[in-house]
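Engineer: First to last, the protein sequences are chains A and B.
1 is the number of the first residue of the first sequence in this note's numbering; add one for each residue after it.
660 is the number of the first residue of the second sequence in this note's numbering; add one for each residue after it.
It is possible that some hints are incorrect.
To be verified - Reference excerpt, derived from the structure (chain B facing chain A, CB under 10 Å, subset only):
| hint | residue |
| --- | --- |
| 1 | G690 |
| 2 | R704 |
| 3 | Y745 |
Hints listed in this document are in silico derivations from the structure and should not be mistaken for laboratory results.
C-beta: ideal position from N, C-alpha, C; glycine also.
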Amino acid sequence: MKRIGVFVCKCGTNIAGTVDVEAVVEAAKKMPGVVHAAEYTYMCSEIGQTMIQDAIESEKLDRIVVSACSPRLHEPTFRKAAEAAGLNPYLVEIANIREHCSWVHKDEEEATKKAIAMARTAVAKAARSRELEPSEISVEDRALVVGAGIAGIQAALDIADAGYEVDLVEKSSTIGGRMAQLDKTFPTLDCSACILTPKMVDAASHPNINLITYSEVENVDGYVGNFEVTIRKKARYVDMEKCTGCGICYEKCPSKVDNDFDEGLAQRKAIYVPFPQAVPNKPVIDRPNCRWFEKGKCAVCQKVCPTEAVDFEMEDEIVEQKYGAIVVATGFDLLKLDDFGEFSYGKHPDIITSLEFERLINASGPSGGKLVRPSNQEVPENVVFIQCVGSRDKSRGKPYCSKICCMYTAKHAILIKEKYPDTQAYVFYIDVRTGGKEFEEFHRRAVENYDATYLRGIVGKVFPDGDKLLVHGVDSLSGRTVEIEADMVVLATAMTAREDAGAVSRLMGVSCDSHDFMTEAHAKLRPVETHSAGIFLAGACLGPKDIPETVAQASGAAAKAIGIISKETLLSDPCVSEVDESTCTGCMNCINVCPYKAISEKTLEEKVHGKVVRRLVAEINEVLCQGCGACTVACRPGAMNLRGFSNDQILAEVDAVCL
Amino acid sequence: MSVNAEQQAFEPLIVVFGCNWCSYAGGDLAGTSRMTYPPNVRVIRVPCSSRVNPNFVLRAFQRGADGVVVAGCHPGDCHYVTGNYYARRRLSALRRFLEFIGVEPERFEVHWISGSEGAKFARVMEEVTEKIRALGPNRKMRDVR
């Protein structure tokens with residue numbers, strides 16, 4: 001007979017507020033196999049853990065059930081505690097009576113009844129648990145960082161500085177990301193380029209960082225410590241070895257197209273570097289817009305190149321590499337404004353997004369830092385900023401706050417006034433949100449010292465009128481309607497996930513929220529980890545955030561990645577499938593459903609009535625197996641079982657639940 | 660007690676097999692967000708919806724569950740790449756089998772609830788409980804005890 005101990009946590013009043021914990025303890029004492037039951041205010045605290053450890057010794061407990069919070073939160077905690085007391089950690093079961101009971105039910109009687117049933121279920125499962133031993137897996141001491149904006153650069157630098165090799169993969173032809181597009185940064189007004197470009201150069205010149213630009217991750221296989229990643233290096237049509245970055249090619253190229261980097265406000269050539277400080281500072285040919293690829297004529301760049309670096313025959317290259325850990329830092333996009341007809345975006349060149357404004361006021365932007373109206377190249381007299389365009393808008397946009405708009409708009413108002421004292425900034429806002437170090441002070445400066453006019457209210461319509469833009473809005477504080485004759489309208493457009501964020505997260509096996517932002521393993525305590533071990537997140541791919549937060553997260557993700565690749569071996573989860581060779585019929589149905597190719601055929605030699613008989617059975621590679629259990633259901637003779645979630649355990653749980 | 664009164668007092672037992680990576684986490688989120696749903700629901704944690712052997716579902720009905728729900732990751736979003744596709748095919752076959760043997764197929768449902776869908780978890784549990792309450796107790800498959 002098993003000797004099971006049940007420990008019921010009150011979690012302050014989180015559990016005890018709705019569940020009669022004493023009643024659960026009393027009921028537990030009568031459950032089959034239970035020899036000890038106790039309660040405590042905080043089971044996860046040191047005192048609580050010691051209580052479990054003492055009971056393991058004094059009561060000779062061989063199974064532990066902790067009725068507390070979700071196993072997704074504290075199962076590791078209690079397993080460790082049991083292990084420290086000499087009990088195999090896999091003999092611990094959790095009954096989740098907080099998230100799945102006390103927090104979701106109001107009626108004490110019903111909640112207590114359910115908590116008892118949940119404890120009974122966990123006891124039934126624990127009675128059938130077995131000692132499990134993890135096996136060791138080797139670890140590649142190399143990391144992959146996907147996305148080379150400020151988050152990716154910071155993560156790569158931190159990992160590289162710790163002494164490990166990093167591949168930094170970037171989709172576009174240069175690293176730098178969104179931050180490279182910005183002018184100044186709030187609240188210190190540091191010039192973005194001045195603080196970013198040195199980091200870009202550091203990343204490029206670091207002996208441990210291998211830049212893989214103009215490339216995309218195509219496939220991710222494997223598991224923590226041993227990811228097998230396929231990377232497609234898109235053809236640049238420029239030989240990186242031969243090219244010196246002299247720039248004659250893009251001077252002479254005859255095809256012009258809108259430059260994405262300038263948000264379409266300026267043009268670039270078909271062979272181009274997106275901006276002068278690009279890293280690597282070597283051009284790439286935009287194939288769909290190149291005359292050679294379109295018509296088979298031109299090749300001017302090839303003719304003028306002094307080092308014969310242009311190669312139209314170049315093809316995409318596929319690279320396969322193994323990594324111990326992966327940091328995903330793929331950044332954000334801006335909301336498409338198709339559903340916001342009232343702002344007339346796209347109908348008049350002087351109605352722009354905030355990111356376009358950044359380019360306009362940027363010294364290396366299309367107008368050389370001179371703020372001019374795109375329509376007539378004149379300095380605007382009145383600039384209207386509209387906040388929350390698509391943010392906090394459940395019906396047409398996104399329900400969340402994009403977090404950075406209040407601050408960058410204050411910055412824009414200040415920058416305008418510094419350059420053009422005669423220009424007036426108007427800001428229509430719903431609320432001004434300035435949570436952050438020095439943020440509120442910065443906003444007050446925009447209002448008090450730089451004379452920005454803040455109007456609390458929403459804008460109903462923007463429409464061109466002659467060479468002006470009429471802005472109709474409401475000032476909800478005075479209750480009056482406001483009409484402003486503006487020269488420029490700037491829309492604080494909502495931050496969204498990258499268009500391909502869903503595809504990237506599926507590739508990585510990371511989950512997404514309903515807006516395609518990737519989700520962390522725990523919103524508070526595991527903010528850069530994911531539920532796929534060895535894959536970490538940083539920056540705006542998790543949700544809107546500013547630069548300091550992004551950098552902090554990137555360093556956090558780097559530290560987590562280093563924590564893995566610095567180890568020679570990792571312990572694998574022993575909760576994987578196992579085969580009962582005596583009942584396996586060798587049908588190999590299991591092989592078909594295994595997503596990890598963890599099952600193979602094995603030939604057994606057995607003596608039957610004195611004769612040697614050969615038969616096929618399935619064999620599990622315990623390192624490759626991730627423990628999904630698909631094979632257990634596909635197995636006809638029931639020879640496949642999953643450790644930790646075995647058939648008899650789940651059936652016992654079903655019986656106990658229905659009792 | 661009249662039949663009507665019995666029907667009114669009937670509290671169904673709903674067994675939920677919840678995938679650890681999505682729906683179980685969705686249940687956790689419903690908890691941390693302090694949403695409410697009926698206490699009739701009992702969740703059994705499994706690593707993946709593809710771990711749910713139809714046997715487990717049948718066993719639950721035999722032991723007196725009035726409704727069974729399997730909750731897994733949205734198609735295309737499986738933590739184990741393809742598990743939920745196997746679950747989907749296998750469990751739709753099971754639903755037809757239940758109908759074939761005379762159990763109301765409405766007693767068995769498969770839902771896709773992600774880890775960020777706490778509200779959906781609570782809503783589905785509420786809806787399933789109401790539906791089974793209206794359907795009445797599972798008498799067909801219950802063991803005679």
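Engineer: All the hints need checking, so say for each whether the structure fits it.
Structural biologist: Evaluated hints:
{"no.": "1", "hint": "G690", "verdict": "holds, 3 Å"}
{"no.": "2", "hint": "R704", "verdict": "holds, 7 Å"}
{"no.": "3", "hint": "Y745", "verdict": "holds, 6 Å"}
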